[in-house]
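Undergrad: The chain contents come next:
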Amino acid sequence: DSGVTQTPKHLITATGQRVTLRCSPRSGDLSVYWYQQSLDQGLQFLIQYYNGEERAKGNILERFSAQQFPDLHSELNLSSLELGDSALYFCASSAEQGPFSDSPLHFGNGTRLTVT
Amino acid sequence: GQNIDQPTEMTATEGAIVQINCTYQTSGFNGLFWYQQHAGEAPTFLSYNVLDGLEEKGRFSSFLSRSKGYSYLLLKELQMKDSASYLCAVTEGSNYQLIWGAGTKLIIKP
Chain A
1 DSGVTQTPKH LITATGQRVT LRCSPRSGDL SVYWYQQSLD QGLQFLIQYY NGEERAKGNI
61 LERFSAQQFP DLHSELNLSS LELGDSALYF CASSAEQGPF SDSPLHFGNG TRLTVT
Chain B
1 GQNIDQPTEM TATEGAIVQI NCTYQTSGFN GLFWYQQHAG EAPTFLSYNV LDGLEEKGRF
61 SSFLSRSKGY SYLLLKELQM KDSASYLCAV TEGSNYQLIW GAGTKLIIKP
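The listed protein sequences correspond, in order, to chains A and B. Just so you know, we're using the numbering used here here: the first sequence kicks off at 1 and counts up by one. Just so you know, we're using the numbering used here here: the second sequence kicks off at 1 and counts up by one.
Be aware that a few hints might be false.
Stated by the list, open to error - Derived CB-CB ranges, DEER-like:
hint, chain 1, residue 1, chain 2, residue 2, range
1, A, Ile12, B, Thr44, 24 to 32 Å
2, A, Asp40, B, Pro110, 21 to 29 Å
3, A, Asp40, B, Leu54, 27 to 35 Å
By construction, these hints were calculated from the structure, which means they are not laboratory data. For every residue, glycine included, the Cβ atom is placed at its ideal position computed from N, Cα and C.
Model the full assembly from the supplied sequences, consistent with the hints where possible.
TA: This is the structure we're talking about:
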């Protein structure tokens, strides 16, 4: 168990809809990262927050947004969903602003989103 | 630009040894991570190299040559449960941005 909690585990929704994915980082970790992984593809970095502030942005679509709350949990909002958004969405956390040997990324079990 | 190359797929035999290579081109290299990911599951941390040389952790070892932009993950005494994807990732720059390779799918045969 990595200590990173993601909910829900599975989500099935229709095109055009909006969903919210939730992540609670490991106790003491200040950074939260969001990744998208389509079937048999690599990890695509979406966005990183550190202690409530956006720290780095990857290939995140304008239809997607995220935030990190004062209690350090984070939410990823996906709107106007398209079939191509179907993927595994992982949240990861680390203690510091960036990953180091004593602060690697620890991943949650992911949310599997299916858009029909 | 940023680039990380790994073989797409490798096959090995149970009990044998396999070496998974990773080459990278980045600016401002800080360190290199290896992660294991079973299909449909979360990636799990295996190793981190920041200095040249070999880091050994049980059956798994990771090597780094910064001058060559090269790393490998060595898996010994392969077990069926080692069938997974192995992801190489590099941190670069002052903000320690993490760049991921596409992963190597390792298939273990009896």
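Undergrad: Determine for every hint whether it applies to the structure shown.
TA: Each hint tested on the structure:
1. Distance hint for A/Ile12 and B/Thr44: a CB-CB separation of about 27 Å, consistent with the stated range 24 to 32 Å.
2. The supplied range of 21 to 29 Å is met by A/Asp40 and B/Pro110, whose beta-carbon atoms lie about 24 Å from each other.
3. Evaluation of the 27 to 35 Å hint for A/Asp40 and B/Leu54 yields a pass: the beta carbon distance comes to about 31 Å.
Figure legend: structure checked against the earlier numbered hints; every hint is met.
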